[in-house]
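Starting from the known structure of chain A, arrange chain B on it as the hints suggest.
The listed protein sequences correspond, in order, to chains A and B.
Just so we're aligned, residue 71 is where the first sequence starts under this note's numbering, counting upward by one.
Just so we're aligned, residue 71 is where the second sequence starts under this note's numbering, counting upward by one.
Note that these hints are calculated values from the structure, not bench results.
Careful: at least some of the hints might be erroneous.
When chains are identical, the list treats them as one kind, so a pair holds in a single copy or across two.
To be verified - Keeping only pairs whose Cα atoms sit at most 27 angstroms apart, straight-line, the calculated DSS-like set for lysine-lysine is: (1) 158 / 82; (2) 75 / 229; (3) 179 / 75; (4) 334 / 389; (5) 82 / 114; (6) 115 / 81; (7) 253 / 304; (8) 316 / 341; (9) 341 / 236; (10) 81 / 114; (11) 82 / 157; (12) 82 / 115; (13) 334 / 253; (14) 158 / 316; (15) 158 / 115; (16) 383 / 304.
The chain contents come next:
2 protein chains.
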Amino acid sequence: MELSKIITSIKKEHQEIISVFFVGCGASKAELYPAKYFLEANAKKLRTSLYTSNEFLYATPVSVDESSIVITCSLGGSTPETVAASKKAMELGAKVIAITHNANSALAKNAHYVVVHGFEANYAAKLEKMTNVLGLAAEILYQYEGYEHYEDMMDGMAKIYGLIEKSVATVLPSAKAFAESHKDEPVIYVMSSGATQEVAYAFSICLLMEMQWMNSGSFHDGEFFHGPFEIVEKDVPFILLMNDGKTRELDSRALTFLHRFNAKTTLIDAKDFGLGSVIKSSVVDYFNPMLITAVLRVYAEQLAILRDHPLTKRRYMWKLEY
Amino acid sequence: MELSKIITSIKKEHQEIISVFFVGCGASKAELYPAKYFLEANAKKLRTSLYTSNEFLYATPVSVDESSIVITCSLGGSTPETVAASKKAMELGAKVIAITHNANSALAKNAHYVVVHGFEANYAAKLEKMTNVLGLAAEILYQYEGYEHYEDMMDGMAKIYGLIEKSVATVLPSAKAFAESHKDEPVIYVMSSGATQEVAYAFSICLLMEMQWMNSGSFHDGEFFHGPFEIVEKDVPFILLMNDGKTRELDSRALTFLHRFNAKTTLIDAKDFGLGSVIKSSVVDYFNPMLITAVLRVYAEQLAILRDHPLTKRRYMWKLEY
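The following block holds chain A by itself, in its conformation from the complex (with noise of 0.2 angstroms):
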C-alpha cells in the first residue's frame, strides 16, 4: 500500500493521534532516526519517541494505546523483540506499521499495515527502508496537523534514489584509500548531527564493531567539544559525516578542530556529492542520512576487502543462542 494511503486509512478509524513511535534494534533502529528527527523538529503537537524494541516492551510508555502509531522496523521482520514490542503496541490498541524487506515474516504479520522495501538490487535499494519510514512520518505529519513543506519533500523521495546511484559510483576511489589507510587502526570514532546522527552511530556499531570486530565509539558533533575532543591527537582516527542542512555549522566547527590537530580525519560530505542542488533547502536536513549511508557503505566494502573479513562473518550472530 503506498505510503499516504496507510495514513489516510489509520485517519479513517483513529481521527485523533497524539503519539508516534519508532521502535528497532541496533541498525533497523538507526533507520528510523531521520523520521523520529523530522516529527522531532516540526511537529506543534504529535509527541514522538524512538525505542530501542526490548525497553519499549519492558518499560512501555503508559502513552501507548488507541491514539497512537506505531512503526517498527527489521529488516528481516524476525528480529524477537520487534516482534515482541510490534504485538504489544497493537494488543494496547496502537496502529501498528512494520517496515521489512520480508512481506512472509512475523513481524509482517504482528502488524496493521506492512511497508515492503527493497535491499540487494543496488545501494539506493538498501535506503528504501529509512527513506520510507521518513516518508511515513511526513505523511502522518501532513495529514494530521499540516506541513508547509510537504510537496518538497515529496520531491525529495522521488529525488533521492537517483542521487544515491549517481554518488556511489564515484566514491571507489576515496573508498580505497580509506580502506588502505585505516585497515590497521586500534579504534575509529565517528561522528555526525542533525538526522544523521544515528548513521554514526550505526556505522560504529554495525559495520565497525558487529561487521569488521574493530573498536569505537560514536556520539553527536555537537558533543565533540564537551567531552570526546580530549582524545584528539595527531593521527587519531575521526570518520566525520557532514551534513547540507541548518547543523552544518556544527560539523564545521568539528572538522576544524580535528584539522588543527592533525587527527586522522576522514570527511564524507553531502555536500560534495550535489545533495542541495537535487533536494529542496526547506527539507535538505532530511535526506542527509540516506546519501550518507550509502557512501559510507561502500567504505565498508573496502574495508572488508582488505581485511580480508567479509561483511558476513559473525563469531555470535546467526551462530548461537542468545
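Quick look at chain B alone, frame taken from chain A:
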C-alpha cells in the same frame, strides 16, 4: 525557589503547556536524560525532547513557543551554546528554567527561573543537578496532567541523597581493584538501559575520554545484541550499569553474555546498594542514574590516582579558544 513553586508560577501564566525541552551539553546533557526518560515514559500528552545545545540553537524545533517549558543546564553556567540556547528559547516565548551551580552565571541571567544546586560538599551534592531536573519533570507532569506516583517520587527525592552517601562509603575497595585492573586498557566499553542509559554515555565521553584520555564507546544494552556484542572476546573490558526496575531484564541478558564469553566485566548494580529497599518500586527506575553516577565517580577517582592523571587535566578545555 522550590521546584513545585516554579511550576505553579509558570502555570499561572501558561495554563497550556504542550512541550518540555531539555537542553545542555556533555555531562550536563546526560544529567538531563533521566527527567526526559521519565516524562517520555509517563506523560500521556506532554511532548518531550532532549537536545545538545547547539542543535537546539541551529535547528530549533518549530514547537518552541509560549506553549513550551525549556530546561537548560550547565554546571558553571557559562557554556556558550547553552547560554545562547536559553536566550533563544526566551525570545521565542518559552518559559525557561536554568539549572546551574552558579547563581551569578550568564545562564542564570538568561532564564526566567534558576535552580542552584550544590557540587563540592560531597558525592550527594554532585547529584543534586540530575535529581532536581527529575524533580522538575515530576512537578510538570503532576501539575499539568496528574501523576499517580507523585508522592512516591517526592519520597525518593528525599531519600536518595542519604543512600548515595551510604553507598559511596562502601565502594573504595572495588574502585581500587577496578583502577588497578583497568589502568592500561586500550579501550573500555560502557552500557546500561532505561533512565541510566546516558550515565553510561557520560562515563564514556567525560570520565574516560575527556578526563583520562582513554578510548571508549557506549551504547544501550538493549542494542548490545544488535551490533556491539560481536566485539566481545575473553578480557575485552565492559562496564555494565545494572538497574533495579523495569529494564533489569535487559541488563541481565547482557551480563549473562559477558560472563559466558569471559569478557572483563565490571558490574555496578543498583541492587547491591539496596536501591529498591529505599525507593518505592513505582519510581525506582528513575533513581538508578543518581546512585550509579555517584559510585562511578569513586571508580573514576581511583583510576585517576593510579594513572597519575588528575580528573581536571585537559589538553584543550580551559586552554584554547575553539
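Is the C-alpha distance from residue 115 to residue 81 at most 27 angstroms within one copy, between copies, in both cases, or in neither? The answer is both: 16 angstroms in one copy and 19 angstroms across copies each meet 27 angstroms.
Quick one: residue 82 to residue 114, C-alpha cut-off 27 angstroms, is that within a copy, between copies, both, or neither? Classified as both: same-chain Cα gap 22 angstroms, cross-chain 22 angstroms, threshold 27 angstroms.
Given a CA cutoff of 27 angstroms, do residue 334 and residue 389 count as a within-copy pair, a between-copy pair, both, or neither? The answer is between: 22 angstroms across copies meets 27 angstroms, while 36 angstroms in one copy does not.
Alpha-carbon proximity between residue 253 and residue 304, which holds within one copy, between copies, both or neither at 27 angstroms: Intra 18 angstroms, inter 22 angstroms, cutoff 27 angstroms: intra and inter.
Checking residue 341 and residue 236: alpha-carbon separation at most 27 angstroms within a copy, between copies, both or neither? Answer is within: at 14 angstroms inside a copy they meet the 27 angstroms cutoff, but 54 angstroms across does not.
What label fits residue 179 with residue 75 when the C-alpha limit is 27 angstroms: within, between, both, or neither? Within. Shortest intra-copy distance 19 angstroms satisfies the 27 angstroms Cα cut-off; inter-copy 50 angstroms does not.
For the identical chains here, do residue 383 and residue 304 meet the 27 angstroms Cα criterion within one copy, between copies, both, or neither? Cα proximity of residue 383 and residue 304: across copies only (19 angstroms, versus 32 angstroms in one copy).
Should residue 334 paired with residue 253 be assigned to within, between, both, or neither, using CA atoms and 27 angstroms as the limit? both (13 angstroms within a copy, 25 angstroms between copies)
Between the shortest in-copy and the shortest cross-copy C-alpha distance, which are at most 27 angstroms for residue 158 and residue 115: within, between, both, or neither? Answer is both; intra-copy 25 angstroms and inter-copy 20 angstroms each pass.
Up to 27 angstroms CA-CA - residue 316 versus residue 158, copy category: Result: close only across copies, 16 angstroms inter versus 37 angstroms intra.
Using 27 angstroms as the alpha-carbon threshold, which applies to residue 316 and residue 341: within, between, both, or neither? Result: close within a single copy only, 13 angstroms intra versus 44 angstroms inter.
Within a copy, between copies, both or neither: where do residue 75 and residue 229 come within 27 angstroms Cα-Cα? Classified as within; 21 angstroms inside a copy, 52 angstroms across copies.
Of the hints listed earlier, there is not a single one the structure fails to meet.
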